[in-house]
Each structure stands twice: as structure tokens, then as C-alpha cells.
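Novice: Note that the protein sequences, when read in sequence, are chains A and B.
Okay, so the first sequence: first residue is 52 according to the working numbering, each after it adds one.
Okay, so the second sequence: first residue is 41 according to the working numbering, each after it adds one.
Read the hints as simulated data drawn from the structure, not as lab findings.
Careful: at least some of the hints might be erroneous.
[Claimed, not checked] In silico DSSO-like pairs for lysine-lysine, Cα to Cα no more than 30 Å straight-line:
1. Lys233/B - Lys223/B
2. Lys233/B - Lys220/B
3. Lys385/B - Lys334/B
4. Lys144/A - Lys334/B
5. Lys171/A - Lys388/B
6. Lys229/B - Lys334/B
7. Lys144/A - Lys388/B
8. Lys144/A - Lys308/B
[Stated by the list, open to error] If you want a taste of the chain B side facing chain A, the calculated C-beta under 7 Å gives, among others:
9. Val78
10. Ser79
11. Asn81
12. Pro82
13. Val186
14. Val187
15. Leu190
16. Phe194
17. Tyr198
18. Tyr202
19. Phe272
20. Glu362
21. Asn365
22. Ala369
23. Phe380
[Unchecked claim] Pulled from the structure, derived: some chain B residues nowhere near chain A, Cβ distances all over 12 Å:
24. Arg180
25. Ala217
26. Leu240
Fair warning: this is a prediction, and the values are worked out from it, not measured in the lab.
We put the CB at the ideal spot given by N, CA and C, even for glycine.
Residues per chain, in single letters:
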Amino acid sequence: MNDLMTFVLSPAFANAIIRMSTPLIFVSMAAVLGAKANILCIAYEGMMLFAALGGVIGSALSQNLLVGMLCGVLAGSLIAGLFAYFVLVLKTKDMLVGLALNTLGSGGTIFALYVMSGQKASSISLNSLQFPVIHIPFIEDIPVLGGIISGHNLLTYLAYLSVILVYLLLYKTPLGLRIRSVGESPDAAESVGTNVVKTRVIALMIGGVLASFGGMFMSMGYTPYFTRDMMNGRGYNAIAAQNLGAGHPILTLLCSILFGAADAFGIALQTSRLPPQLASMVPYITTLVGLIIIGQARRKQEKKRALALGARELAAEQESASQGVKG
Amino acid sequence: MRTKTKNVEAIEKRFTVIRTLVGVGIALVIALALIAAVSDNPFEALMGFLTGPLTSINRLGNVVEKVIPLLFTGTAVCIVFACGQISLCIEGVFYITGIACAAVATQSGIAAGLHPLLCILAAGVLGALICAIPALMYIRFDTMTVVSSLMINFICLYIGKYLMHYVMRDPAAGFDASAKYEKSARLFKLFSKTNIHFGLVIAAVVVVVGFYALYRSPWGYGVRMTGLGASFARFQGIGVAGMILTASMAGGFLAGMGGAVEQLGMYKRFSYDGLSGHGWDGIMIAVIAQNNPKFVPLAALFVAYISTGADVVNRTCDVPIEIINIVQAVIIMFVAAERFLAGWKQRKIVQASQQAQMEKLAGEQKEGAEKA
Chain A
52 MNDLMTFVLS PAFANAIIRM STPLIFVSMA AVLGAKANIL CIAYEGMMLF AALGGVIGSA
112 LSQNLLVGML CGVLAGSLIA GLFAYFVLVL KTKDMLVGLA LNTLGSGGTI FALYVMSGQK
172 ASSISLNSLQ FPVIHIPFIE DIPVLGGIIS GHNLLTYLAY LSVILVYLLL YKTPLGLRIR
232 SVGESPDAAE SVGTNVVKTR VIALMIGGVL ASFGGMFMSM GYTPYFTRDM MNGRGYNAIA
292 AQNLGAGHPI LTLLCSILFG AADAFGIALQ TSRLPPQLAS MVPYITTLVG LIIIGQARRK
352 QEKKRALALG ARELAAEQES ASQGVKG
Chain B
41 MRTKTKNVEA IEKRFTVIRT LVGVGIALVI ALALIAAVSD NPFEALMGFL TGPLTSINRL
101 GNVVEKVIPL LFTGTAVCIV FACGQISLCI EGVFYITGIA CAAVATQSGI AAGLHPLLCI
161 LAAGVLGALI CAIPALMYIR FDTMTVVSSL MINFICLYIG KYLMHYVMRD PAAGFDASAK
221 YEKSARLFKL FSKTNIHFGL VIAAVVVVVG FYALYRSPWG YGVRMTGLGA SFARFQGIGV
281 AGMILTASMA GGFLAGMGGA VEQLGMYKRF SYDGLSGHGW DGIMIAVIAQ NNPKFVPLAA
341 LFVAYISTGA DVVNRTCDVP IEIINIVQAV IIMFVAAERF LAGWKQRKIV QASQQAQMEK
401 LAGEQKEGAE KA
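Looking at chain A on its own, in the form it has when it is part of the complex (with noise of 0.2 Å):
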């Protein structure tokens, strides 16, 4: 125990945290941005898996890093344009469409992956390229803070910059302007000239790229390679973050790094002493605790609010029955 302690205070855990956030800020990301347009979607698990495998299929064939992402990018968006056609096109509840994407992208990447490699359980044979790690000059050189910010994959400093680039997107831009207002009201925005279905669209292809570097992180950072459903839940997880930062990007960049720390201890959880099958328990437990605990906050809000709504009416009423007593 008293070594895990120590290691959880360690600058290796913080670097640990941050490499793990990175798949769930890039795809929380995705759902702020479908959640700002008001769309449930759901299929980011298979967006992810989609992705992950494109993008080590296509970089072992081509041996080129950039062709390999690209194929990871169209393959991740494949999903999230079936999403945006059935959904939006074809009027199929979100959820259920949801479900079955995530359902083909389980077996779906794993059909591909068997007919490319003959196996199933990994893409180790594949000769898959990877991102490279990036150490930043000079930072890298501080003692402590060196080592939890230098050193990371290209991918985890672009999902920190996602953050920023989805943040302008959404308040600086008009096609945020747009995004929000359809999210807000749909009709208010048709009758001012905005195509709904298109916005929809956009903001929906946009989240698929966004979760595709999710995806391709994890088998082409993390991992060097791809494994059978190797997403584990991570892209339901980061909805759970977008929700609890209430969509907004920076509450739900916390939210994602608070569930990376989750994933993180429960890794170092697995190499002390405890049983591995609990501590792989953390993350999903976190997840449940933190939706109970952001409901309650918010019902307490709610009630707070309606309480305050119910004084100012009751003292509006008081001051009309005295007018009335005066008159």
C-alpha cells in the first residue's frame, strides 16, 4: 500500500493521468459538440474502434504515418456519417442506432482485422506505425514539471489543444453560433435561415474526427498495436464527462482528466497487491459516483432556483392583494 501511495504522489502518476485523459478529452470533446447541436450519440465506442484499427491497417500497409491517420480519420467518420444519415436522414432513434454502431464496430474491426492478419485477439502483426513522442526543449529540462508535461504522444497534446480549437469553435465562430442555435431551438434557427439537418451534420462529421484521434490513440500511442474491443467502455465514459461538465469544453476537460486519474489509479492499482479484477473496477465506479453526485448538485440547484422562483411570485402576489387592499 505504502507503495502505491508514493507512486500516486509521484510525478510519474501525474504524467500517467494526463496520458490517460487523452482518448476521453478528444471524444468528450466530440460530445460537447453533439451535445451543443442536440444530438444523442452514442456511437462514439465504435467511432474509436473504427479508427483505431483504420488507422493501423492503413499505416502498416503504407508505412506512412500521415496516410495511416488519414485512413484512421475516414474510418472513425464512416461511423459518425452512418450515425448522421440514419439519425438525422432516416429518423432511427438515436440510441438504438447508437447501440448497433458500437455493435459493428466490435465486430465489424474485428471481421477486418482477422480477414487482414488472420487473427483476432491482436494487430501485432501488422508492422503499424505509431505517433510520435514529443519532448518539448527546454521544458523537458525542469525537474518535476518536466517530467509530467514533456514526453507525451503528439496525440495527447493535440487533445489539449482540441480543447481550445472546440472552445473557439463553439463561442468565437459563426458556425458555433450556429451549432448552439440549433441545439437551443431548432425552429428559431430554421426560421432564420439555418439548415438544421446540415449544422447537425457538421457539428456530428467534425465530433467523428475529433474521436477518430481518440480511437488512433489507442492503438497507435498507448499501444503500439490494435486488441479486441481495447476501447472498454472509454467512450461511454467520456459522455459521462461531457454530462457532468454540463458541455461545456473547460468543466468537461476536468471531468475527462478526473476520469483519466480513474483509469490511471486503477493501472496502479493492478500492479500493487490488490485483486486485478477490482481495481479495473475504478474507472467505471468513478464514472457512477460522479453521475450521482453532479445529479444531486443539479437537483439541489433546481430546487433552489424553483424555491426562489416560488418567493419572488409569492411576494409579487402579496404586493398586488395590499395594492388591491389599498384601492
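Got chain A sorted already, so can you dock chain B onto it with the hints?
Specialist: Showing chain B alone in chain A's frame:
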């Protein structure tokens, strides 16, 4: 006027059936295309997939054996989905209730008639309790059921793995498996030569009871109204929270029963090394059956048939069994797609109403002529 609305209703009903069939058809075509594309011996693989399950009594038995647990999970998901709760818990419940069943089934000294009953009851109660968690979270904290229930699936999985490795492991087995079930707990076989067991009878009862509960009882009416819209149901005086909780628990109970029946009928000891997929199959069945337990047997038979077909090609040819997930995804998406084939439906309805209008006009003219 009445005939007109009746016509439209009939068209909509027929349309739902046709859309389901077309969806299933598209999925099969995609499956066949994939098989033909990846197999070195496409014709043999195709035949194996389509007719493989019919080629021997053994395989035919496999289909029916697979139907049994799916009847439970399919009905369970119907009830939960009908209430508007997209809960994925059934998957985790089916796994962990199997372990609960194993814990009871390995106890000796319980009378033969009573033993399976106790196993199934224990599993059912555990299932109901687990499925109550996301429902309560939704009612109390307004959390997304999809997310919370998926988290619970993972927690079920890891608790199950922990129990199998540290608590229930039979050292004699050589891997993470429970001790052998007592003979008194196991369900007897219905037919020799196959593994079809008494669970089929229990499953049939469950489907019938599920149908009557959901479509012929006040409770079922409340559940379905809640699923159609919570505020609408509330205005009708339905206790929405109670409906969500009871429907979720009923679904969990049935799934738990299924988990236990599957163990007692098909296995000598608990040896799953992960989630079994029965819950996901249940979701597909509920979608095909439009949340109506009446259609669950047919949907379950279809799912069991294609999964046996996939088993056959997986074993005899070079087609991976994961093709079944692809088929599942395609079916769910097309069957649930409201606007898919909607243009066709629209034309039919317009045609029917035009015809009704013409008939009415003709009738009026006739009447007018007679009067004159």
C-alpha cells in the same frame, strides 16, 4: 371516415412488417456479400451460413438451445425498452446471475424439485436488484440510463471475474470455473440426442406472461404510456417513477431467470470467461419484435438461426463469427429507421385515401341519382 382510418392503420401495420423484412433482407445480403468476399470457398460458406443449421439434428438442436436464453433476454429487454429506458444492464445481469445461480447450484442437500427453483429465484432477485440501480439513478438524479447501465455491465463483469478467480474457483477444474453443479439442480433434457432442456417450457411461460403483463394489464399500459412520453403519462395519472422502477426490475428478474436457466440446462459448471452477448441479442430481438413479447419467439428463432449459421461457417470455413455483429447492427438500424421506405408508405396511404374519397363520391352520386 372510419374505413379510411382503418385502411391507413392497416397500411401502417403492413408497412412495419415490410420494413422489418426488408431490413432483415438487407442485413442478410450484406452478410452474404461479406462471406463471398472473404471466403476462399464462397459457395460452400454461403450454403453453410444459410442452410448449415438444418443439416443435422445436432445443429437443429443447437438452434433451439440458443433460442431458450434469448426468449428470456428478449422479453426482458422488451419490457425495459417499452418503458422508454434504454438500459444495457441485461447483458451484465445475464452473466452475474449465472454466477449467483452457480453459488446455489453447488450447494448439496437440497431436494431435486426445489433446487432449480431456488437457483432461478436467487438469480432473478439479484437481476432485479441490479437493474433497479440505473432506474433509481434515472428517477432520482436524471442520469443517462445508457451510460450508467453500461458502467454497471463492466462492474458486473469484473465482480464476476473476481468471484470466479478468488471465491468460487474449483481448483480441480484447472481454470476459472465453479465446482460442478449438483445433479438435483440441473434441468432435465426434453429430447434425447439434443441438449434441449426443460428451460424451453419455462421460457415459453415467461414469454406468454410477459405479453399479458405488457399488453393486457393495467401495469403494462402504464409502462407503455411511460415509454411513449413521461409527461403525457403523468397527466393520465400514471406513477411514472414507479413504472420505470418496476419495469426495470421485472426485466432484470427475467434476465436473471434466463441466466440461471441457461446454466442449469446447458452447463455442468460455471465457466464463462466474460460477458456472453445474450443481452445484446436481447436488444436486437426487442427491436425486431417492436417491444412486443408476442413476436419475441420468432425474432429469437431468427437470431438463433443466423448465429448457428455463423457458428457453422466459423467452424467449417474461413469466415470469422464476428460477422454476426455486423448483421445485428444492420438489422437494428434498418428496422428502427422510421423514414426508411417512408415515401413508399406515404404513396400507399395517399392512394388508399384517394380511393376511399372516390368511392364516397361515387356513392353520393349514386344516392343523388336515385333520389332524382
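Novice: Take the C-alpha atoms of Lys144/A and Lys388/B, compute the straight-line distance between them, and say whether it is at most 30 Å.
Specialist: holds (24 Å)
Novice: Once the shortest beta carbon distance from Ala369/B to chain A is found, is it less than 7 Å?
Specialist: Hint holds; Ala369/B Cβ to chain A Cβ min 4 Å, cut 7 Å.
Novice: Would you settle whether the hint for Pro82/B is holds or violated, based on the nearest Cβ-Cβ distance to chain A being less than 7 Å?
Specialist: violated (13 Å)
Novice: Taking the least C-beta to C-beta distance, is Glu362/B closer than 7 Å to chain A?
Specialist: Since chain A brings a Cβ to about 4 Å from Glu362/B, closer than 7 Å, the hint holds.
Novice: Would the non-interface assignment of Ala217/B survive a Cβ cutoff of 12 Å against chain A?
Specialist: The claim stands: Ala217/B keeps its Cβ more than 12 Å from every Cβ of chain A (closest is about 15 Å).
Novice: Is the Cβ of Leu240/B more than 12 Å away from each Cβ in chain A?
Specialist: Consistent with the label, Leu240/B stays out of reach of chain A, its closest Cβ about 27 Å off (over 12 Å).
Novice: Is the interface hint for Leu190/B satisfied, with its Cβ closer than 7 Å to some Cβ of chain A?
Specialist: Given a least distance of 5 Å, the restraint on Leu190/B holds.
Novice: Is the hint on Val186/B kept, meaning its closest Cβ partner in chain A is under 7 Å away?
Specialist: holds (6 Å)
Novice: Should the hint that Tyr198/B touches chain A count as held when the rule is a Cβ pair under 7 Å?
Specialist: Because about 5 Å separates Tyr198/B from the closest Cβ in chain A, which is inside the 7 Å limit, the hint holds.
Novice: Does Arg180/B really sit off the interface, with its C-beta more than 12 Å from all C-beta atoms of chain A?
Specialist: Arg180/B not clear of chain A: closest Cβ-Cβ about 7 Å, inside 12 Å.
Novice: Are Val187/B and chain A close enough, Cβ to Cβ, to be under 7 Å, as the hint says?
Specialist: holds (5 Å)
Novice: Keeping to a limit of 30 Å between CA atoms, is the pair of Lys171/A and Lys388/B held or broken?
Specialist: Since the Cα atoms of Lys171/A and Lys388/B sit roughly 47 Å apart, the hinted pair is violated (cutoff 30 Å).
Comparing the model with each numbered hint stated earlier shows that hints 5, 8, 10, 11, 12, 19 and 24 do not hold.
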